[in-house]
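*Asks:* Kindly generate the complete structure, drawing on both the sequences and the hints.
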Amino acid sequence: MIASRRVLLAALAAVVAACGGCAVVQPWERGTLAKPSMATVQPPHETAQKLRTYNAKEGGAAATGVGGGGCGCN
Amino acid sequence: MEALRVVRWRVSALAAVGAIAAATSAWPLARGEAAPPCTAPRLDGGRTISVADYRGKVVYLDFWASWCAPCRESFPFMNGLQRDLAGKGLEIIAISVDKNEEDARRFLAGHPAQFALGLDTAAACPAAYQLPGMPTSFLIDRAGVIRAVHAGFRSGDAAEIRRQVLEALERH
Chain A
772 MIASRRVLLA ALAAVVAACG GCAVVQPWER GTLAKPSMAT VQPPHETAQK LRTYNAKEGG
832 AAATGVGGGG CGCN
Chain B
1192 MEALRVVRWR VSALAAVGAI AAATSAWPLA RGEAAPPCTA PRLDGGRTIS VADYRGKVVY
1252 LDFWASWCAP CRESFPFMNG LQRDLAGKGL EIIAISVDKN EEDARRFLAG HPAQFALGLD
1312 TAAACPAAYQ LPGMPTSFLI DRAGVIRAVH AGFRSGDAAE IRRQVLEALE RH
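These protein sequence lines are chains A and B, in that order. Note that the numbering used here numbers the first sequence so that position 59 is 830, with each residue one more than the last. Note that the numbering used here numbers the second sequence so that position 115 is 1306, with each residue one more than the last.
Bear in mind the hints are in silico, worked out from the structure with no lab data behind them. Beta carbons: idealized from backbone N, C-alpha and C, even for Gly. Keep in mind that a hint or two might mislead.
Negatives, chain B to chain A, calculated, CB over 10 Å [said to hold, decoys possible]: (1) 1218; (2) 1228; (3) 1235; (4) 1267; (5) 1268; (6) 1279; (7) 1290; (8) 1296; (9) 1318; (10) 1327; (11) 1335; (12) 1345; (13) 1352; (14) 1362.
Derived, one-sided and incomplete: chain A residues facing chain B with beta-carbon distance under 10 Å [unchecked claim]: (15) 776; (16) 778; (17) 781; (18) 800; (19) 801; (20) 802; (21) 804; (22) 805; (23) 806; (24) 808.
*Replies:* Right, here's the structure in full:
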């Protein structure tokens, strides 16, 4: 019982210590986060261009996704 | 006895988590509270703009930023409020929370404003008002008391905000 309490105490201390590394970004501080370069998804035109290049390299359209029957005719 | 100790242990652990949560968050201002003092440099000529200088008038205090998408919709709405209600004693103050003055000026070039403008790069005013989101507007009555808080802006909010402003103007 004593040992498990020590483990719990250590875990709680670790959580409290880790909280020191967290920062709350206030709503009025989100200017940097709002920049286009911070988007998790790339801009649509950029994605379309990359897909076009990828399709050309793969030798067929929709190389990233369309399921086929294995006939080699996509 | 052992059970009691376990309970006491759990309660103290919960209290610790609660204290951490309370320390990392702050309550936004609510209606009925006194509007905190707030002074910021002006963006539209003049030196500083201070909420306290407007005591005795109904103030619509808006916090905006160049990177805030709904602000593009709130600016035409505030221009409309200014046009219709400035003669009845309404003062609109819009304070930018941009870090960069150029960003704020670029936004204003595309979204002209016919009301008082401030720029608080030090973010003292938004911290004092504890904005829950961007944009946020506060309707402050003649006695300096907050009458309404609007977090965010949707075009559907316009009628309700206008009604609250009219009510505040008629009150005294």
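*Asks:* Each hint should be assessed against the structure and marked as holding or not.
*Replies:* Do the hints match the structure? See the list:
no.: 1; hint: 1218; in the structure: holds, 13 Å
no.: 2; hint: 1228; in the structure: holds, 18 Å
no.: 3; hint: 1235; in the structure: holds, 20 Å
no.: 4; hint: 1267; in the structure: holds, 21 Å
no.: 5; hint: 1268; in the structure: holds, 20 Å
no.: 6; hint: 1279; in the structure: holds, 30 Å
no.: 7; hint: 1290; in the structure: violated, 6 Å
no.: 8; hint: 1296; in the structure: holds, 15 Å
no.: 9; hint: 1318; in the structure: violated, 8 Å
no.: 10; hint: 1327; in the structure: violated, 8 Å
no.: 11; hint: 1335; in the structure: holds, 22 Å
no.: 12; hint: 1345; in the structure: holds, 16 Å
no.: 13; hint: 1352; in the structure: holds, 19 Å
no.: 14; hint: 1362; in the structure: holds, 30 Å
no.: 15; hint: 776; in the structure: holds, 7 Å
no.: 16; hint: 778; in the structure: violated, 13 Å
no.: 17; hint: 781; in the structure: violated, 13 Å
no.: 18; hint: 800; in the structure: holds, 7 Å
no.: 19; hint: 801; in the structure: holds, 7 Å
no.: 20; hint: 802; in the structure: holds, 5 Å
no.: 21; hint: 804; in the structure: holds, 9 Å
no.: 22; hint: 805; in the structure: holds, 4 Å
no.: 23; hint: 806; in the structure: holds, 7 Å
no.: 24; hint: 808; in the structure: violated, 12 Å
Of the numbered hints stated above, those contradicted by the structure are hints 7, 9, 10, 16, 17, 24, listed in ascending order.
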